[in-house]
Amino acid sequence: MALVEQHGLDGSVRLSEATASDYLALLKPRVMSLVVFTAFVGIVAAPVHLNPVMVLTAILCIAVGAGASGALNMWYDADIDAVMTRTSKRPIPSGRVQPGEALAFGLVLSALSVMTLGIFVNWVAGALLAFTIFFYAVVYTMWLKRWTPQNIVIGGAAGSFPPMIGWAAATGSISLESVLLFLIIFLWTPPHFWALALFKSGDYERAGIPMMPNVAGETSTKRQIFAYALLVAVVGVLPWTFGFTGEVYGLAATALGLGFVWYAWKVLAMPEADRAMKPAKALFGYSLLYLFAIFAIYLGDSVVARMLGI
Amino acid sequence: MSAVAEKLETVKPTEAQLKARRSRNMAIAIALAAFVIIVYATSIVKLGSAVFERSF
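In the order they appear, the protein sequences are chains A and B.
Mapping the first sequence onto numbering that gives the first Met the number 0, position 266 (from 1) lands on 265, and the numbers just tick up by one.
Mapping the second sequence onto numbering that gives the first Met the number 0, position 20 (from 1) lands on 19, and the numbers just tick up by one.
Looking at chain A on its own, in the form it has when it is part of the complex (with noise of 0.2 Å):
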């Protein structure tokens, strides 16, 4: 990171403010906190032993992969960032750190993560990893998001591969079970984040995102929003169908789903007049909620079946 970041006009020198903390605001926390538990699900849930230590080490490579692709994606998409509010204070657009530094801080965390990971504990997950980033800060930043209302349905893959790289790290291989902890995360991403455009719209309308509310209306958003809510309850309940988890996982998952399906019906019946669209705020914070709980259920379902040696 360099310490001279630009030359003013008058040709003095700038040195730069930017503090630990603006560099780790970079990796999205909050998004690699989620990246972090998925992950670790997949790993413990995997029926291979992995000792501690590859755990740690697999969980942090995967930890600062995803914070590397969350560090390329604020690069590329600076110029949004700074006309929406809810992230125009990120630290390149509010100007502490320099687009340059943020690139150099991704593509150098990326190589690392990936290596590391590789190197130590198999190249299967490294391999996810890597295209992970590729298809994080590539195929969704540069090219889906400003360009087709079904970027997050087509982006939402990236956030969903941790499961299976936890998954791969342990094995070293790829398995229904680990597809279906993708595709849990894959089904739940559209109504989650069309929930948060529904009532953030104009930011993304400002920012010329096409995301589905501007550019297919909120009728036929709510309609989609419905339908995801439906096959995610589905497809929630399918590691107990096939046999992967006991009944506690799938009764829960079942009432998770429901509680779900409930929320989408409420977003779906939302009259076009409600501004303060109270049923997709509640929505957006339950979608968080259900995630958190089913893989908390489904860790708690593997190790409670390791234990009693089912």
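Check the hints yourself; a few may be wrong.
Claimed, not checked - Straight-line distance between alpha carbons at most 27 Å, and here's what the computed DSS-like set of lysine-lysine pairs gives: (1) LYS144(A) to LYS280(A); (2) LYS277(A) to LYS199(A); (3) LYS277(A) to LYS265(A); (4) LYS88(A) to LYS18(B); (5) LYS199(A) to LYS144(A); (6) LYS18(B) to LYS27(A).
To be clear, the hints were calculated from the coordinates, so they are not data collected in a lab.
In this text, all values refer to a predicted model and were calculated from it rather than measured experimentally.
Following the hints, complete the assembly by docking chain B onto the known chain A.
Just chain B now, with coordinates in the frame of chain A:
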């Protein structure tokens, strides 16, 4: 000496800039230390006692 280097010699960092630099330096130190520990620990776990068996 280049014009930039000449100017740098005369730059007096403000308290905020010094504080930010200290914060960045600490973060780099912690990250490097963590990386060294990870490399050491994973090497021991992967290779076990074989890590000390060298032919030289």
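Against the structure, the hints come out as follows:
For the proposed pair LYS144(A) and LYS280(A), the alpha carbon gap of about 22 Å is at most 27 Å, so the pair holds. With a C-alpha separation of about 12 Å, the suggested pair LYS277(A) and LYS199(A) falls inside the 27 Å cut-off, and the hint holds. With a CA separation close to 9 Å, the supplied pair LYS277(A) and LYS265(A) stays within the 27 Å bound. For the suggested pair LYS88(A) and LYS18(B), the alpha carbons sit about 21 Å apart, so the restraint of at most 27 Å is met.
Restraint check for LYS199(A) and LYS144(A): the C-alpha separation of about 16 Å stays at or below 27 Å, so the hint holds. Between LYS18(B) and LYS27(A) the CA atoms are separated by roughly 23 Å; this keeps the pair inside 27 Å, and the hint holds.
Hint check: no violations occur; every hint is consistent with the structure.
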